[in-house]
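> Using the sequences and the hints given, assemble the complete structure.
Just so you know, the sequences run in chain order A and B. Residues in the first sequence are numbered from 1 upward in steps of one, following the working numbering. Residues in the second sequence are numbered from 1 upward in steps of one, following the working numbering.
Treat the hints as calculated values from the structure; they're not laboratory data. Keep in mind that the hints are not guaranteed to be accurate.
Derived BS3-like pairs (lysine-lysine); straight-line CA-CA distance at most 30 Å [said to hold, decoys possible]:
id, chain 1, residue 1, chain 2, residue 2
1, A, K238, B, K195
2, B, K249, A, K232
3, A, K238, A, K147
4, A, K238, B, K155
A partial selection of chain B residues facing chain A, derived with a Cβ cut-off under 10 Å [claimed, not checked]:
id, residue
5, G211
6, V214
7, I250
8, I256
9, L267
10, M268
11, V283
12, G289
Cβ atoms here follow ideal geometry from the backbone N, Cα and C, with glycine treated the same way.
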Amino acid sequence: MNVGFIGLGLMGRPMALNLIRAGHDLRVWARRPEAMQPLLDAGAVAAISAADVASRVDVVITIVGDAPDVERVALGPDGIADGARPGLIHIDMSTISPEVTQSIAARLRERGVTMLDAPVSGGEPGAINAALTIMVGGEASAFECVKPLFEAMGKTISHIGGNGAGQVAKACNQIVTGVGVAAVAEALNFARKSGVDAGAVREVLMGGFAASRILDVHGGRMVKRDFQPGFKSWMHQKDMRIVLEEAHRLGLQLPTAAAAAQLYNAMVGSGLGEEDSVAMLKLFERMSGGEG
Amino acid sequence: MRVGFIGLGVMGRPMAEHVLRAGHTLGVWARRPESTAPLVEQGATAYDTPAALAAASDVVITIITNSQDVEGVAFGEHGLAAGFTRGAVHVDMSTIAPDAARDFARRYAEAGIDWVDAPVSGGEQAAVAGTLAIMAGAREDVFARVRTLFEAMGKTIVRVGEPGAGQVAKACNQMVMVCALQACAEAMHLARAHKVDLAAVRTALMGGSAGSRVMEVMGERMVERDFSAGIQARLHHKDFGILLDEAVKIGAPLPIAAQTWQQLNALMAQGWGYDDTSSLLKVLEAASGSNA
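Structure (structure tokens):
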């Protein structure tokens with residue numbers, strides 16, 4: 001397939017490389033040209049704008065920072081809509097709010113572009129190993145059409161519902177992981193303050209009902225004190241903001257997510273924003289007079 | 001002084017009347033012309049557009065709903081900015097985001113127009129009695145020029161700092177007040193669960209360290225089960241959206257405010273947004289299955 005790819009960061013670059021490996025023709029664009037180089041080395045072709053990408057492909061994938069970035073690249077000057085050929089499919093794999101996604105999808109539809117929202121979970125290792133979880137919202141026919149692309153980047157691929165449904169699933173994912181990281185950090189800090197070996201606690205918990213991916217992976221890194229990102233805590237802070245803004249809009253009570261979101265605020269405010277979200281442990285240690 | 005006034009609602013109308021009674025020349029504008037009638041009868045002059053009002057005023061006071069409304073009235077078509085002469089002052093007494101207030105101050109400064117953010121606390125009662133608490137963000141000389149107007153409307157008048165600082169103080173005010181309201185509701189809920197007389201509990205508490213304005217006014221509404229507004233809860237809900245959004249931007253953890261925000265979300269979902277915020281008691285009752 002002729003595929004455009006915009007957003008060659010920590011996640012986007014390995015995802016794009018997996019598409020090339022699966023035999024697709026890739027056209028890329030980035031605001032900073034140097035970001036394109038690893039892809040050009042692997043056989044991708046450079047474009048001069050998002051519109052230029054859109055004018056030469058059947059599918060454009062974006063994975064960028066936040067809602068205004070998606071809006072600019074899709075609908076701004078020299079954006080995807082400006083270059084789109086009829087029938088173009090735009091897959092946005094960024095994590096943004098369901099409400100904004102629906103609004104962008106409606107405006108793209110007026111200009112003949114079909115949008116799918118397809119945020120991912122699994123972090124950088126998942127992107128490199130083509131093992132991402134991909135949650136998709138939008139027309140089922142468009143989903144079927146681009147499914148081979150998803151299969152080149154991910155392992156668990158689900159069509160959840162209409163436009164925005166993928167972002168709703170991602171928001172649910174961020175509630176569970178955001179609260180989960182806080183719960184694991186709390187438990188391991190509790191163990192340490194009680195004079196018990198946190199590694200041993202984690203290991204035994206993995207055999208019971210408290211076992212989870214978060215306890216396994218994030219808990220493991222807390223025990224090893226490996227705070228390298230990974231998934232930076234300012235990104236999780238951003239995602240929790242999206243979750244709570246939606247809750248505010250819907251009049252929906254999310255007490256546990258709200259408490260966790262404040263802990264991410266504290267992380268960013270106290271200089272842990274660039275570290276992995278497992279640095280939540282440091283926050284608890286500081287508040288309890290420990291290492292931090 | 002030639003004073004313009006926009007926003008003749010529950011709060012604005014009595015405030016405008018105080019300005020008029022203090023001997024100032026009053027001009028008014030409203031989207032719905034009929035809402036200017038009570039002021040016109042008392043001697044105010046109605047204008048066709050905010051720009052026309054601004055051209056005839058030394059100071060224009062606005063007290064309207066949110067940042068977008070203030071921006072529209074100030075910088076929209078036929079807005080205040082189009083009518084002000086150099087040296088005029090826009091005193092905005094609405095509750096909006098500190099960031100928005102700073103932005104408006106900057107945009108006005110380019111045209112030689114001064115800005116004061118001066119949100120109020122005390123509700124309808126204090127507006128009618130002319131005893132509002134007014135927290136201002138302004139340059140010191142600008143504040144000195146409009147101080148007599150504040151003295152006509154309020155009792156506690158504080159210049160907190162530069163533009164935006166008034167809104168920061170108001171955010172703190174809303175946080176303390178509504179969190180206290182939630183604490184008060186929880187206390188009343190606990191007393192009721194023990195089948196203890198709420199009025200007696202409230203009277204006892206008022207004499208001790210838990211006594212507060214909120215306990216006095218809102219506590220009584222809870223005892224009487226009089227949930228009619230008061231202060232419409234939807235306005236507090238709006239304020240908490242602003243507050244927690246700012247907390248994300250500056251990385252400030254606000255754990256208790258975050259929990260209270262979720263209770264406000266639940267209140268909105270129950271359809272009680274137009275009732276007084278003492279309805280937080282009913283949210284607790286609904287959650288514990290007692291009659292709400």
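> Run the structure past the numbered hints and jot down the numbers of the failing ones, going up.
1, 4, 5, 6 and 12
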